[in-house]
Amino acid sequence: MNVGDKLILNKSNVSKFFSSLREEMRLVAPKRRFAGDVICDVVDSPEEIVWEYGHDIYPPGKRYLFPHYEDMFTYRFGEQVGMEIAADSPKQAIIGIRSCDVTAVRFQERFFTSPIVDPFYAERSRNTVLFSLVCNRPPKKECFCICCDAGPYLESGFDVQLTDLGDRFLYEIGSEKGLEATKNREEYLEPCSDDDIAERKRIELEADSFFQTASYIAKAIIYITGDEVPDEVWEELGSTCFRCAACTNLCPICTCYTVDDVPQGNELFTRCRSWDSCQYAGFTREASGHNPRSTFGSRVKRRFYHKASFQYIMRDGRHGCVGCGRCVSACLTKLDLPSVVKRIRRAMHDYIEPKSKPTAFLQ
Amino acid sequence: MSTEVKTKMLTGAKPRNMWGVTGVPTGNLYVPMPAVIEKIIVETPDTKTFRLKLEDPKHAEWFTWEPGQFVELSVFGAGEAPIGFASSPLERSFFELTIVNRGKVTGVMHELKEGDRVGIRGPLGNCWPLEDIKGMDILIISGGCGLAPLRPAILYILAKRSDYGEFWLLYGARTPADINYKYDLVEWEKRDDFHVLQTVDVGDDSWTGNVGVVTTLLDQVKLDAANSVALTCGPPIMIKFATLALVKMGFSEDRVITSLERYMKCGVGKCGHCCVNHVYLCTEGPVFSYAQLQELPETRA
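Chains as they are written, first to last, in the working numbering: chain A, 1 to 363; chain B, 364 to 664.
To be clear, the hints were calculated from the coordinates, so they are not data collected in a lab.
Using N, Cα and C, we set each Cβ at its ideal position, and we do this for glycine too.
Errors might be hidden in some of the hints.
[To be verified] Here are some chain A residues the structure puts well away from chain B; computed CB gaps all over 12 Å: (1) SER15; (2) SER114; (3) ASN136; (4) PRO139; (5) CYS147; (6) ARG200; (7) LEU205; (8) TYR216; (9) VAL259; (10) ASP261; (11) GLU267; (12) ASN291; (13) SER309; (14) ILE313; (15) ARG345; (16) ARG346.
[To be verified] Here are some, though not all, of the chain B residues that point toward chain A, as calculated from beta-carbon distances under 7 Å: (17) PRO388; (18) ASN391; (19) LEU392; (20) VAL394; (21) PHE439; (22) GLY442; (23) GLY466; (24) GLY470; (25) HIS473; (26) LYS545; (27) TYR546; (28) TYR626; (29) GLY632; (30) CYS634.
I would like the entire structure built from these sequences, with the hints used as guidance.
Written as structure tokens, this is what we have:
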């Protein structure tokens with residue numbers, strides 16, 4: 001067995017396969033909760049996994065690799081300053097994660113481990129294997145991963161990729177980590193036939209034709225990179241922002257966090273980090289009161305500069321959107337990526353001549 | 364002085380030592396090294412200079428830094444804040460941080476006494492290009508507490524005085540009471556090889572010196588802009604007007620070098636607060652030439 005192998009996991013073997021995996025690590029998978037929603041969570045038995053689910057609004061990759069709130073270390077002051085690292089990073093398999101979220105996990109991995117290695121993320125990432133599930137149909141009308149090179153299926157970047165072929169899954173091994181998780185369980189896998197590959201190809205082509213949302217991001221990248229979009233346009237867009245930060249919190253790519261020292265009593269404190277958002281006014285406000293991004297427009301501009309500028313593409317290896325559609329579902333005032341891209345393109349029709357000097361590398 | 368005109372484009376310089384890049388003495392990027400407050404110097408009503416010493420000799424051995432770099436100061440129970448080094452980098456037995464009482468962390472810091480413990484993560488960031496500007500005339504423009512991150516550079520240049528050309532310092536403060544490092548300025552003004560000009564925005568009865576913003580002092584400066592470099596730090600508005608005035612004087616855009624400040628949390632390029640356009644100030648800054656800042660439109664704000 002090698003990386004790159006394509007195999008078949010019969011649905012009759014799925015339970016046995018994941019029961020065996022559960023002996024080595026905890027399983028995180030889509031599961032029906034009390035209120036009826038399907039949300040990715042730790043499952044006690046593979047029977048709980050809901051395979052026919054759409055899309056978890058809470059990005060599972062981010063939730064289990066870069067949690068909303070995490071303790072970094074605890075310290076005590078007084079006689080002696082002792083510090084205890086508090087990171088918890090169990091071995092885990094995230095099952096049923098979608099292609100867009102896998103792409104986002106790879107993006108965050110790269111960000112958190114280069115050039116300086118974030119010890120907490122690196123440890124979790126080492127201990128996590130992703131069993132992604134191809135979307136046979138885009139799960140929501142808001143999905144546009146097809147415009148962002150992040151789905152509905154992946155050519156690379158996955159550990160193990162599963163495609164639902166009816167009574168069986170196509171089981172593709174994409175990394176050493178995926179291979180490691182497959183070993184000891186070869187008995188549940190079978191070789192795949194040419195017909196299975198052909199069926200997979202048919203599903204791919206069919207899935208591509210079901211997308212309802214498109215984002216013509218390329219032109220917006222040019223405008224944003226050259227800082228050509230006038231401030232008035234950003235201010236107009238920003239004027240409807242509620243500052244709720246749903247867009248950045250739900251974004252599987254966003255990585256910004258803040259750090260707080262939380263008192264635990266007895267002179268004991270925990271330094272913890274939690275997600276922060278560039279859409280909050282306090283994100284850049286300095287102790288003096290000076291705020292370099294004091295307007296709504298400047299903050300919305302900031303968000304889209306990070307998502308869609310060539311400078312960041314050079315830094316991060318891809319643009320900062322995987323087309324998961326969560327900001328489309330979440331933003332009440334349409335400050336989501338496809339809408340803003342569309343509005344920038346529309347506004348720029350009036351600005352055919354670039355207003356500002358292009359940056360050096362475009363000259 | 365030297366007639367040789369340097370042609371190398373100047374930028375913030377890469378430091379020899381950087382937390383997380385050249386090592387992490389505590390074993391975890393986010394865990395600070397304990398340090399003890401050895402001495403507290405009251406500079407102005409709202410500013411104190413803290414002399415600190417790392418407790419662990421192994422940490423102290425590793426801890427070398429260059430002018431322009433900064434640390435993340437942990438005030439236990441309050442949090443972390445980025446503070447620039449303010450003492451001479453040649454002094455290995457202690458280092459100093461000058462802190463204005465402004466926010467949550469600095470407020471608690473100001474209540475600490477000699478002998479109290481704090482945490483240090485650093486050195487962080489890049490540094491003034493002091494190697495690259497050897498032989499050149501140097502003009503330092505600074506306002507208020509903006510003198511703090513330049514003080515290591517001044518002390519370094521004074522210690523290696525023959526390596527550099529003409530040396531000017533223009534320093535502005537709001538009022539005479541707000542002048543930092545009065546003890547240093549007295550000594551510096553006595554020197555023949557260091558031209559120090561001071562001004563205040565608003566004088567008082569005892570003040571006999573210049574009154575006005577710091578850029579008004581530029582008329583008194585006699586320097587050949589072609590072989591000079593300017594280092595600036597201060598409030599954003601001061602940096603802006605000083606830079607414009609210097610460019611008008613004939614300084615090329617890469618010879619005006621400044622240190623930027625932003626709200627910061629992690630100091631290692633992860634938390635995202637200090638990001639200006641696509642540049643993380645904590646790892647790629649805070650020192651930039653005006654030419655570099657042209658590529659970062661957000662700094663115009």
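Hints versus structure:
Here SER15/A stays apart from chain B, with its beta-carbon at least about 40 Å from theirs, past the 12 Å limit. Taking the minimum C-beta to C-beta distance to chain B, about 10 Å, the non-interface status of SER114/A is violated against the 12 Å cut. Separation of ASN136/A from chain B is adequate, the least Cβ-Cβ distance of about 36 Å exceeding the 12 Å criterion. For PRO139/A, the non-interface assignment is confirmed: its Cβ lies about 29 Å from the closest Cβ of chain B, beyond the 12 Å cut-off.
With 12 Å as the threshold on Cβ separation, the claim that CYS147/A sits away from chain B holds: the shortest Cβ distance comes to roughly 22 Å. Distance check on ARG200/A: its Cβ is at least 38 Å (rounded) from any Cβ of chain B, clearing the 12 Å threshold; non-interface status holds. Interface exclusion of LEU205/A from chain B stands, the closest Cβ pair being 37 Å apart, more than 12 Å. A cut-off of 12 Å between C-beta atoms confirms that TYR216/A is not in contact with chain B; the least separation is 23 Å.
Distance check on VAL259/A: its Cβ comes as close as 5 Å (rounded) to a Cβ of chain B, failing to clear the 12 Å threshold; non-interface status is violated. The non-interface label for ASP261/A is inconsistent with chain B: the shortest C-beta to C-beta separation is roughly 5 Å, within 12 Å. With a least CB separation of 8 Å from chain B, GLU267/A falls inside the 12 Å interface cut-off, contrary to its annotation. Once the 12 Å rule is applied to beta carbons, ASN291/A is inconsistent with being away from chain B; the minimum gap is 9 Å.
For SER309/A, the requirement that its beta carbon stay farther than 12 Å from each beta carbon of chain B is not met, with the minimum near 7 Å. Here ILE313/A does not stay apart from chain B, with its beta-carbon only about 9 Å from theirs, under the 12 Å limit. The Cβ of ARG345/A sits about 20 Å from the closest Cβ of chain B, beyond the 12 Å cut-off, so the non-interface label holds. The claim that ARG346/A is not at the interface with chain B holds, since no C-beta of that chain comes within 12 Å of its own (minimum 22 Å).
Taking 7 Å as the C-beta contact cut-off toward chain A, the hint placing PRO388/B at the interface is violated, the least distance being around 13 Å. The criterion of a C-beta within 7 Å of any C-beta in chain A is met by ASN391/B, whose closest approach is roughly 5 Å, and the hint holds. The closest approach between the C-beta of LEU392/B and any C-beta of chain A is roughly 6 Å, which is under the 7 Å cut-off, so the hint is satisfied. Taking 7 Å as the C-beta contact cut-off toward chain A, the hint placing VAL394/B at the interface holds, the least distance being around 5 Å.
A hinted interface residue such as PHE439/B counts as satisfied when its beta carbon comes closer than 7 Å to some beta carbon of chain A; here the least separation is about 4 Å, so the hint holds. A distance limit of 7 Å between C-beta atoms decides the matter here; for GLY442/B the minimum to chain A is near 5 Å, and the interface restraint holds. About 3 Å separates the beta-carbon of GLY466/B from the nearest beta-carbon of chain A, less than 7 Å, and the hint is met. The closest approach between the C-beta of GLY470/B and any C-beta of chain A is roughly 9 Å, which is over the 7 Å cut-off, so the hint fails.
Residue-level restraint check for HIS473/B is violated (minimum Cβ-Cβ distance to chain A is 12 Å; threshold 7 Å). At a threshold of 7 Å, the smallest CB-CB gap from LYS545/B to chain A is about 22 Å, leaving the interface hint violated. The closest approach between the C-beta of TYR546/B and any C-beta of chain A is roughly 25 Å, which is over the 7 Å cut-off, so the hint fails. Nearest Cβ of chain A to the Cβ of TYR626/B: about 5 Å, under the 7 Å cut. The hint holds.
This hint holds: GLY632/B has a C-beta 6 Å from the nearest C-beta of chain A, less than the 7 Å allowed. This hint holds: CYS634/B has a C-beta 5 Å from the nearest C-beta of chain A, less than the 7 Å allowed.
Comparing the model with each numbered hint stated earlier shows that hints 2, 9, 10, 11, 12, 13, 14, 17, 24, 25, 26, 27 do not hold.
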